[in-house]
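Top to bottom, those sequences are chains A, B and C. Quick note on numbering: my numbering labels position 4 of the first sequence as 4, and the sequence is numbered without any gaps. Quick note on numbering: my numbering labels position 61 of the second sequence as 61, and the sequence is numbered without any gaps. Quick note on numbering: my numbering labels position 122 of the third sequence as 122, and the sequence is numbered without any gaps.
Incorrect hints may have been included.
[As the list claims (entries may be wrong)] Some chain C residues near chain B, calculated using beta-carbon distances under 7 Å: (1) Gly-132; (2) Glu-135; (3) Ala-136; (4) Gly-141; (5) Gln-146; (6) Ser-153; (7) Pro-154.
[Said to hold, decoys possible] Computed list of lysine-lysine pairs in DSS-like fashion (alpha-carbon distance at most 30 Å, straight line): (8) A:Lys-130 with C:Lys-56; (9) B:Lys-121 with B:Lys-187; (10) B:Lys-110 with C:Lys-131; (11) B:Lys-132 with C:Lys-228; (12) A:Lys-130 with C:Lys-230; (13) B:Lys-231 with B:Lys-5; (14) B:Lys-121 with C:Lys-228; (15) C:Lys-227 with B:Lys-95; (16) C:Lys-131 with B:Lys-121; (17) C:Lys-230 with B:Lys-68; (18) C:Lys-227 with B:Lys-132; (19) C:Lys-230 with B:Lys-18; (20) C:Lys-92 with B:Lys-95.
These are calculated hints, taken from the structure and not from any lab test. Even glycine gets a Cβ: it sits at the ideal position worked out from N, Cα and C.
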Amino acid sequence: MYKFDYLFFLHELWVAITYIPLTLELAIVPMLFGLVVGTILAICRIQNIPVLNTLIKIYILIFRSMPMVLMILILYFSFMYGFDTLASFFHLKIRSGDIPAIVLAFIILSVVSVAFMAESIRGALQSVQKGQIEAAHSIGMRQRTIYRRIVIPQALPVAIPILGNTFIGLTKGTALVYMVGVTDLITGVKIEANASYRYLEAYIAIAIIYWLLCIVIEQGIRLLSHKVNILARG
Amino acid sequence: MIQIKNIHKAFGSNKVLKGIDLEIKDGEVVVILGPSGSGKTTLLRCINFLERADEGEIAVGSTRVNVKHATKKQILDISRKTAMVFQSFNLFRNKTVLENVVEGPIVVQKVDKQRALESGKELLINVGLSDKFDAYPSQLSGGQQQRVGIARALALKPEVILFDEPTSALDPELVGEVLGVIRKIAKQGMTMIIVTHEMSFAQDVASRVIFMDEGVIVEQGTPNDIFTNAKEERTKQFLKRISPEYSYQI
Amino acid sequence: MGKIDYFSFHRVAEYFPLLLARLHITLIIAVSSLIIGLVFGTIIAAIRLFNIPILKQITTIYISFIRGVPINIQLFIVYFGLPALLNPIFLKVGFDLNLLDAFYFVIITYAFSSSAYLAVVVTAAIQGVDKGQQEAAHSIGMTRGQMFRRVISPQAFHIAIPEFGNAVVSTLKDTSLAFTVGVVDMVGVISSIAARTRHSLEGYVGAAIIYFVFCVLLERIFSSVEKKLKVYK
Numbered sequence: 001m002y003k004f005d006y007l008f009f010l011h012e013l014w015v016a017i018t019y020i021p022l023t024l025e026l027a028i029v030p031m032l033f034g035l036v037v038g039t040i041l042a043i044c045r046i047q048n049i050p051v052l053n054t055l056i057k058i059y060i061l062i063f064r065s066m067p068m069v070l071m072i073l074i075l076y077f078s079f080m081y082g083f084d085t086l087a088s089f090f091h092l093k094i095r096s097g098d099i100p101a102i103v104l105a106f107i108i109l110s111v112v113s114v115a116f117m118a119e120s121i122r123g124a125l126q127s128v129q130k131g132q133i134e135a136a137h138s139i140g141m142r143q144r145t146i147y148r149r150i151v152i153p154q155a156l157p158v159a160i161p162i163l164g165n166t167f168i169g170l171t172k173g174t175a176l177v178y179m180v181g182v183t184d185l186i187t188g189v190k191i192e193a194n195a196s197y198r199y200l201e202a203y204i205a206i207a208i209i210y211w212l213l214c215i216v217i218e219q220g221i222r223l224l225s226h227k228v229n230i231l232a233r234g
Numbered sequence: 001m002i003q004i005k006n007i008h009k010a011f012g013s014n015k016v017l018k019g020i021d022l023e024i025k026d027g028e029v030v031v032i033l034g035p036s037g038s039g040k041t042t043l044l045r046c047i048n049f050l051e052r053a054d055e056g057e058i059a060v061g062s063t064r065v066n067v068k069h070a071t072k073k074q075i076l077d078i079s080r081k082t083a084m085v086f087q088s089f090n091l092f093r094n095k096t097v098l099e100n101v102v103e104g105p106i107v108v109q110k111v112d113k114q115r116a117l118e119s120g121k122e123l124l125i126n127v128g129l130s131d132k133f134d135a136y137p138s139q140l141s142g143g144q145q146q147r148v149g150i151a152r153a154l155a156l157k158p159e160v161i162l163f164d165e166p167t168s169a170l171d172p173e174l175v176g177e178v179l180g181v182i183r184k185i186a187k188q189g190m191t192m193i194i195v196t197h198e199m200s201f202a203q204d205v206a207s208r209v210i211f212m213d214e215g216v217i218v219e220q221g222t223p224n225d226i227f228t229n230a231k232e233e234r235t236k237q238f239l240k241r242i243s244p245e246y247s248y249q250i
Numbered sequence: 001m002g003k004i005d006y007f008s009f010h011r012v013a014e015y016f017p018l019l020l021a022r023l024h025i026t027l028i029i030a031v032s033s034l035i036i037g038l039v040f041g042t043i044i045a046a047i048r049l050f051n052i053p054i055l056k057q058i059t060t061i062y063i064s065f066i067r068g069v070p071i072n073i074q075l076f077i078v079y080f081g082l083p084a085l086l087n088p089i090f091l092k093v094g095f096d097l098n099l100l101d102a103f104y105f106v107i108i109t110y111a112f113s114s115s116a117y118l119a120v121v122v123t124a125a126i127q128g129v130d131k132g133q134q135e136a137a138h139s140i141g142m143t144r145g146q147m148f149r150r151v152i153s154p155q156a157f158h159i160a161i162p163e164f165g166n167a168v169v170s171t172l173k174d175t176s177l178a179f180t181v182g183v184v185d186m187v188g189v190i191s192s193i194a195a196r197t198r199h200s201l202e203g204y205v206g207a208a209i210i211y212f213v214f215c216v217l218l219e220r221i222f223s224s225v226e227k228k229l230k231v232y233k
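Excised from the complex, chain A in its bound form (with noise of 0.2 Å):
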């Protein structure tokens, strides 16, 4: 019978949760990369722009229609190599392995997150009303201003359940940094574990944690989105 060592896992839970912050970060920094790069994107797909649209389309499909994991391995080599050559051909003495792991996991989290936001991001654009933008074209509104005033105060409402979502897969993605040598909260609680082998509690521990940061953000995007609503009702 599997002995559950209880104060082990409670040591574990505390481990877990002072890696929280570095969770939370290695996810919100992405998700605001990819919220302003993805917005760009997104409003070049929505305008039409005619090779960028191309572009757009095959990256974010590419980026929509493969498994996180490969997406990060394969952007960890392909930019540890080309970083190599590159660094070599400007005879630097810097090389990839010089860089922090979790300065590349955040750079990869970024360009994976670009993806996810700019399609949701188009999504929430679009979903305004054609009318309305017909009507503000009609009294003689800039582009820019038609944006500001009339497309982005209607998408927030339904940018934001949506966002959201994508804010809880990054979070989630956060537990594959440790495949690029970041040491975070999965690495620092396995640490623990080895010398024991008791990886049921650490496994379950980091889960709560999981848990716990996925519930809260989910209270605090409903929050956001209640209070958002109420604004836009007027």
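Dock chains B and C against chain A, hints included.
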């Protein structure tokens, strides 16, 4: 014969029906008028138990039910003796027009399939849809869908057909075709309770008109009684608002 | 200065047959998990739709857990936890769960995981059928059983198809993590290839291409099914 005794219905703290008593004989065409919120639609939906009244008695044909103690079987019984035509048609989207019409007879009444199909086709021809047997509801206009709805109700050979604002969701030019079909059925002797806003139609078709307001029956009588000789002030006010033709010299 | 060989398309082509040889494992995992997950998910949906008192709360917690915990962590928990939990019973019949191939643990995990999503899909689909359809069925005197069988489920099925398609693609993508518990599927075999050749990137690219093809194919299939069924709605 339909008998409604002392029906009360509240939604939360909002009392919608405050004691309705009504008796409808076979072959009668009863039109219920009233402002929105008067409870007329709720009354209709209580009759076939789409809504469960809080107290009172409902009798359809030989089935008499006390709404407080209504058993599942009794409710099923009543739902099988009544048929409803809905404001939003509610045709079964996953079935063709003909399938919609014969669904009741075949599945519920266990009528022989061949016979049901033949009667179904006849009914559809009767309502003017002989060329739409295999069409799906999504391919039909509103007026056509409602006529299928009426055929579906007729196919059940019910004791009474309940019409819940049958033309309110239709474009004006399609209203006429549906009213025409309803008129036809009325002439054929079907017992009907119709909630509608179509005044001239009501005058034309009804054998009795009921005016409801704030959950009670204010006045009832023949179309003539109500439209030209209304006794109650509330009735007169309502009619005046609906159509200037009905305003009186006081 | 010698050019370091980082990446070659030639190697990608070379690895392809090796990857494809393991494709069946990926597909078996995906299909089995989805089938079991659908059955289990429908049961959960039924519990939620019928509002069964204590069970419904349990399903809410269950779904919340599955949606909040990364799938690879779920894998580890099932992998370590199932033997720990059930071995007392299994050892009595002479079977040690610890010796069970990781392959089965993976299917069990993904079945549990997809059941949570599919439960939500099924619930949403059934609740998404227009209420008027139910009222019409009642008005012609159908029993609840007849109503459900002949009117609600066919329509719920149509509503569910896009989201179900998403769940299928999602499950397929999740199978890429089976290697973390040692399953030698498409991704798992890359480690052994890399051990020999020290070039894993081409392996990952090859696997990514195969996943990509399948995902795009599945998406196409589901949208064409959706389109075909649209006539009836």
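Verification of the hints:
1. Here the hint on Gly-132 of chain C is kept, as its CB sits about 4 Å from the closest CB of chain B, short of 7 Å.
2. The closest approach between the C-beta of Glu-135 of chain C and any C-beta of chain B is roughly 6 Å, which is under the 7 Å cut-off, so the hint is satisfied.
3. Contact between Ala-136 of chain C and chain B, as hinted, is supported at the beta carbon level, the nearest pair being about 4 Å apart and thus within 7 Å.
4. Hint status for Gly-141 of chain C relative to chain B: holds, with the closest Cβ pair at about 3 Å, below 7 Å.
5. At about 6 Å, the closest approach between the beta carbon of Gln-146 of chain C and any beta carbon in chain B falls short of 7 Å, and the interface hint on this residue holds.
6. A hinted interface residue such as Ser-153 of chain C counts as satisfied when its beta carbon comes closer than 7 Å to some beta carbon of chain B; here the least separation is about 9 Å, so the hint is violated.
7. With its C-beta approaching chain B no nearer than about 4 Å, Pro-154 of chain C sits inside the 7 Å limit, and its interface hint holds.
8. Simply put, Lys-130 of chain A and Lys-56 of chain C have alpha-carbon atoms about 41 Å apart, too far for the 30 Å limit, and the pair is violated.
9. Between the alpha carbons of Lys-121 of chain B and Lys-187 of chain B the distance comes to roughly 21 Å, so the proposed pair stays at or under 30 Å and holds.
10. In summary, the hint linking Lys-110 of chain B to Lys-131 of chain C is supported, as the alpha carbons are separated by about 25 Å, within the 30 Å threshold.
11. Restraint check for Lys-132 of chain B and Lys-228 of chain C: the C-alpha separation of about 21 Å stays at or below 30 Å, so the hint holds.
12. About 24 Å separates the Cα atoms of Lys-130 of chain A and Lys-230 of chain C, which keeps this hinted pair within 30 Å; it holds.
13. Between the alpha carbons of Lys-231 of chain B and Lys-5 of chain B the distance comes to roughly 24 Å, so the proposed pair stays at or under 30 Å and holds.
14. Under the criterion of a C-alpha separation no larger than 30 Å, the hint pairing Lys-121 of chain B with Lys-228 of chain C is consistent with the structure, at around 27 Å.
15. Under the criterion of a C-alpha separation no larger than 30 Å, the hint pairing Lys-227 of chain C with Lys-95 of chain B is consistent with the structure, at around 17 Å.
16. Distance check on the hinted pair: Lys-131 of chain C and Lys-121 of chain B sit about 27 Å apart at the alpha-carbon level, within 30 Å; holds.
17. With a CA separation close to 43 Å, the supplied pair Lys-230 of chain C and Lys-68 of chain B exceeds the 30 Å bound.
18. Proposed proximity of Lys-227 of chain C and Lys-132 of chain B is supported: the alpha carbons are some 23 Å apart, at most 30 Å.
19. For the hint pairing Lys-230 of chain C with Lys-18 of chain B, the CA-to-CA distance comes to about 45 Å; that exceeds 30 Å, so the pair is violated.
20. For a cut-off of 30 Å, the pair hint linking Lys-92 of chain C to Lys-95 of chain B is broken: about 55 Å separates their Cα positions.
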